[in-house]
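As given, the protein sequences belong to chains Y and H, one line each in that order. Per this note's numbering: the first sequence = residues 577 to 931. Per this note's numbering: the second sequence = residues 2 to 355.
The hints are simulated quantities; they were obtained by calculation from the structure and are not laboratory data. Among these hints, one or two may not hold up.
Taking lysine-lysine and the DSSO-like style, the derived pairs with C-alpha atoms no more than 27 Å apart in a straight line are [as the list claims (entries may be wrong)]: (1) 109/H - 56/H; (2) 348/H - 628/Y; (3) 84/H - 628/Y.
Interface residues of chain H toward chain Y, partial, derived using beta-carbon atoms under 10 Å [claimed, not checked]: (4) 38; (5) 41; (6) 71; (7) 163; (8) 343.
Just the calculated beta-carbon pair ranges, DEER-fashion [stated by the list, open to error]: (9) 27/H - 770/Y: 56 to 62 Å; (10) 256/H - 684/Y: 46 to 52 Å; (11) 352/H - 804/Y: 53 to 59 Å; (12) 148/H - 725/Y: 39 to 45 Å; (13) 724/Y - 327/H: 50 to 56 Å; (14) 628/Y - 109/H: 20 to 26 Å; (15) 690/Y - 205/H: 52 to 58 Å; (16) 690/Y - 327/H: 48 to 54 Å; (17) 256/H - 725/Y: 33 to 39 Å; (18) 620/Y - 205/H: 25 to 31 Å; (19) 780/Y - 106/H: 19 to 25 Å.
The beta carbon of each residue, even a glycine, is placed where N, CA and C say it ideally should be.
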Amino acid sequence: MQLQILKRTRRISFSGAVAVFVSAILLSLLFSGILLSLGGTPAVAGFSTLFKGGFGSRWALEDSVLKAIPIFLCSLGVAVAFRLKVWNIGAEGQYALGAIGATGVALAFPDWPSWAVLPLMALSAACAGGIWGLIPALLRQKMHTNEIIVTLMFNYIAVYLLQYLVLGVWRDPNSHGFAVSAAFSDAAIIGPLSDAASVHWGLVHCIVLGILLLLFFRYTRIGYEIKAAGENMNAARYAGIRVDFLVCLVMAISGGLAGWAGFVEVSATVNQLQPSMLVGYGYTAIVVAWLARLNPAGIAVTSFLLAGLRVGVESLQLDLQVPADFGDILEGSILLMVLAAGLFLEYRIVRKGRT
Amino acid sequence: MKLKRLIIALTALALAIPAASFAAKEVKVGFIYISPVGDAGYSYAHNEGRKAVEKMEGVTTSFVESVPEGPDSERVALKMARKGYDVIFGTSFGYMDPLLKVAKKFPKVAFLHCSGYKTAKNMGNYFGRIYQSRYLTGVVAGSMTKSNILGYVAAMPIPEVIRGINAFTLGAQSVNPKVQVRVVWTNSWYDPATEKEAAKSLLDVGADVLAQHQDSPGPQEAAEEAGVYSVGYNTDMKSFAPKAHLTSAVWNWAPYYTKVVKEVQDGTWKPESVWLGMETGVVDISPYGDMVPEAVRKNVDNLKGQIIDGSLKVFTGPIFDQQGKEMVPVGQVAPDDQLLNMNWFVKGVTGTLK
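Chain H with its partners taken away, still in its complex shape (with noise of 0.2 Å):
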């Protein structure tokens, strides 16, 4: 009889102490990825930082991957909540509305959602500023290309992508003015086929750089093939064209996705709304080819560090607009709200935004 009071009295003093005193809190992390991990694409990205969240103490991860957006997320996402999951990562746009949606039922997990705008008492948004590292494989593109003439593989024409797309010009022109970059509209974020094709045609009218805002590496297996050079997005795509590849724009989680993590376990998370610069490592580019000359590579390292330092923003006045309209005026910086919301091509870009 003794031996069960005492351990009614310990099990009772154990319940007593919180579990943080002994070790991190144990926390479910569940990630919603729009395409499959393994296109070396957005997602792939995003589960990168899932690995280094899976890594933390006292965390347990998963995910489910090729989520369409609207009612399947918003299922997906019930799904995780009701599994007791406390944070919870969605990582596509249209994620936003079916997130906010959950989260009102919810209210003690933690949402996060990326690359939309809105926010609630246990939701907060994130983003990267990659058009930092577009202008910084632009400013390489430039430097390379001998027909002045950049290609350019887009998926929809909504200002995530339209920004890059100036970023990628305006670093280009920096180095090049007379520099031209050609827009070919896809319509997709993923779709490998078309992705190619829309490359191939950017050849036909003499592009010898190719860049891409797609999720699958097939621009750069046309570049490849066609013996011509070219830019990756997302992840570092060297080993889908060795040859033609010269950087690309890269993102990297890690950082941010363990950050937050951390704060949700030492219960110090708040929702905000962030866009992270390549000062905090989310966004960046990864090491060149072979065939970038030094005189390139230190230029480019050089305006890398203006960029972390906050002593270059690429979006500085005077900016035009491809009827030549100014845009943002000498000496200005253009503000985030005209590039959340931009709708119109640089100056130097050919193409249509339809």
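Looking at chain Y on its own, in the form it has when it is part of the complex (with noise of 0.2 Å):
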């Protein structure tokens, strides 16, 4: 019997999509759970512990919300970028630039009430991550460079500024030689949404934000010159779309977007600067973009999903002893397994002789 790999001629229904999805998760699973039992840990108990510390009650569902809100806003970013396939891997440092902006408008004014102090956070964080964004783009089309170089040369720059500034002019000089900036004042930090909840404002911002960018793409000239130029850049600059400013304003938003999540981040969950806070979420969102297949919608379900894991994981290794390392390649595994299957999305198989 021979297989043939065929392109559909119609789109996949969505319920085709829905099932190739969950048996890309279900293999992933079954993959990671034989792993877990080899571990010597019971593959059902296993993941009934993941699960539960991901999403099993209100506060791991707090948890894993408050995990996704950065992932989610750098994953909008990215994906801005990728529609255009501007390959903007530079999510990481324009984050970390967010986060430095938001700190210097933090320290600069300690006693400006939260009305004031917040929203020029905000704006200082977006103009860092966005200008971040925007000189590989001029670079790129000025000077012909690589923007995948470029943005992830552009990561460790911000690291090594980052870190340059805490260990130098905003050492927190009570510190005792630590480095990490002085402690916002209560004004500069985005509170919970209530006395009772964990979860912060942020998560406001990123429903707004995520609107924005959905209302942006579907109504505005703008928004359907970048979706058009993205299948082809060189018809779409036939066609007199503006492809050189429409490269800068895609990584101006996608680095604003993650420096936005940089200042939600430093100033709701950490209060202070400090190199600690970069832990690759700017990475972490290329692969979530992906996986959503840069819709809006996917980029928010995904972030939550893949936060949950993590947060489960911690859960995993706490009730069972399971290995940290357990978590990362139950994550690959899946995301492995994910695009895999994205190739059903678009071919199918059949057996020779058929169609």
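Can you join these two chains into the complex? Each is in its own frame, and there are hints to help.
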């Protein structure tokens, strides 16, 4: 029997797509379940602990939402650039710049009330991140550099810039020499939604920014141009679309959103600038954007699920003493299977001779 | 019916008697680590301490490894507190503020933070005077070097690390005034490849003993490959460099961790700030390599005895900084506050604080 891969002539139905994804996830669970039992942990108990830890209680859900917020914002940004097929790998650095921008404002105006200092922090963070995205875009359009390399390198510059600041001018004199800035004033901290909740107002930022972006792509001319130029940049240029402008615009928006993520994280959860706040959300964002096929709603769901997975793995460690590395293996296998399953969305496999 | 009543009565009786009169109070102890426990380094040493606690009667322990500082550590601590853990140890500096936040929400849970300086009603902090071990390893290195250049692969320019480099240098100088310590920074606590490369750069400038303030055995391996000597850190790193390894500055957390957990069981625990010296056994040096001659061993053992009985203080003046400025006057001992905020190198260290 010979198999043949054929391109689908019609789009796969929604239920078909769901079936493909669900089976991909089930396959990766099967694979990691086998690993888990080889390591001496019953797979069923393991996955139930994982699920409960990530999604199984109000606390777990809150923890997962909190963890998802910076991933979502970074990923939203990355997806904007990817729509135009501009490969922004620099969300991590733009996120760092956002945190730096927000911190600069918070430290400069410790006496300001919330209504003044928080918007200024957001603006400063978005501008700092946006500029960090804009520079590689300008280099690409003016000097034909490769944005993948430049944005990646800019991540390192951003990390060292952050370290330089907290080891130097912004180092808290009371920190016994450790590399952290002074703590923000209470006014510069994004508070929780209510006294009983641990989820902060950053969630509302996510929803508003997500909807704005959705509207931008659906109802504005520039949004349409980005989608069109993403399909074929040369054709778009021929049609009179200002491609140079669009590349700069998407990179600025992309960086701005990652910068906003840096603002939310540094203000709401860390409350001070420190190098250890860079834990790779900018890179996770790329994976999330890709898995969600650049769709904002999909990004919301995917970043939440991935965050829940990471939160759940901690319970797995705590309750069943599974090593931390298992989380990476599980994550990796899910990503691999889901990306591989993407093939079945575009193609179908049939026996030779049939169509 | 009678039987049922009897059972109820017995149950009530059993509940009325405090559990403590039968056995030690049941406590759950959680540990939060910055790196994987299998790294033979910093977290490995803490985990050995946890294993000693696990063996105590009425105690169960667990841990979460590779927890980044910041929000992730706060969540892990919260998770432990919600799951009914009675004692939570956070073993990295950056866990300080997250632990403090969680401590405020869970006043009945005992929080202990390693290497920080903030305390609360239910949060204490602790660390060890590893610089005492560093001094002794410096004596060994200073005795063994032929090129009079010692290399030091260091993580971050913060007081803890600077203090260790200074103590190591003072120890080496005590037996070899010509000795020079070359420092290279990796800006990372745990990065095996970078640490090894940094170690190689020290070999290029002529160092023939490599010491480290890093969590991986990378520098040890570099020394072994180059055929020079090495001084390890955190745990006995002999197995990574059997021909190179002179000794290691090591942590031994078991005595302190078991003591704290016992106090919590007995209800006598009070939060405090402690900086544990060699006399507590928390800091030590590992057994010497075969190449260390008898005379050196005797000298170092003797100095170790003096540190333990308090007659030798590592930072005793005169101590000068790199520019020759007197930082500790003759005959005086640097106070702890000066040690905790140390941001200058002693004379004899080649390197910058950047």
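Cross-check of the supplied hints:
A distance of roughly 24 Å separates the Cα atoms of residue 109/H and residue 56/H; the hinted pair therefore holds under the 27 Å criterion. Of the pairs offered as hints, the one joining residue 348/H and residue 628/Y is violated, with about 57 Å between alpha carbons and a cut-off of 27 Å exceeded. A hinted pair counts as satisfied when its Cα atoms are at most 27 Å apart, and residue 84/H with residue 628/Y qualifies at roughly 13 Å. At a threshold of 10 Å, the smallest CB-CB gap from residue 38/H to chain Y is about 8 Å, leaving the interface hint in force.
The beta carbon of residue 41/H is not positioned within 10 Å of any beta carbon in chain Y (closest approach about 15 Å), and the interface hint is therefore violated. For residue 71/H, the interface hint holds, since its Cβ comes within 10 Å of a Cβ in chain Y; the closest pair sits about 5 Å apart. At a threshold of 10 Å, the smallest CB-CB gap from residue 163/H to chain Y is about 8 Å, leaving the interface hint in force. For residue 343/H, the suggested interface contact is upheld, since its CB lies about 8 Å from the closest CB of chain Y, less than 10 Å.
Between residue 27/H and residue 770/Y, the C-beta spacing of about 35 Å breaks the proposed range 56 to 62 Å. Checked against the given bound of 46 to 52 Å, the beta carbons of residue 256/H and residue 684/Y, roughly 47 Å apart, stay inside it. Checked against the hint of 53 to 59 Å, the pair residue 352/H and residue 804/Y passes, with Cβ atoms roughly 57 Å apart. The hinted range of 39 to 45 Å is satisfied by residue 148/H and residue 725/Y, whose Cβ atoms lie roughly 41 Å apart.
With their beta carbons about 54 Å apart, residue 724/Y and residue 327/H fall inside the hinted range of 50 to 56 Å. The hinted window of 20 to 26 Å between residue 628/Y and residue 109/H holds, with their beta carbons roughly 24 Å apart. Distance hint check for residue 690/Y and residue 205/H: the Cβ-Cβ separation is about 54 Å, which falls inside the suggested range of 52 to 58 Å. Range check, residue 690/Y to residue 327/H: about 49 Å between beta-carbon atoms, so the 48 to 54 Å window is met.
Between residue 256/H and residue 725/Y, the C-beta spacing of about 52 Å breaks the proposed range 33 to 39 Å. Restraint check, residue 620/Y to residue 205/H: a C-beta distance of roughly 55 Å breaks the suggested window 25 to 31 Å. A hinted range of 19 to 25 Å holds for the C-beta pair residue 780/Y and residue 106/H, which are about 23 Å apart.
Hint compliance for this structure: hints 2, 5, 9, 17, 18 are broken, all remaining hints hold.
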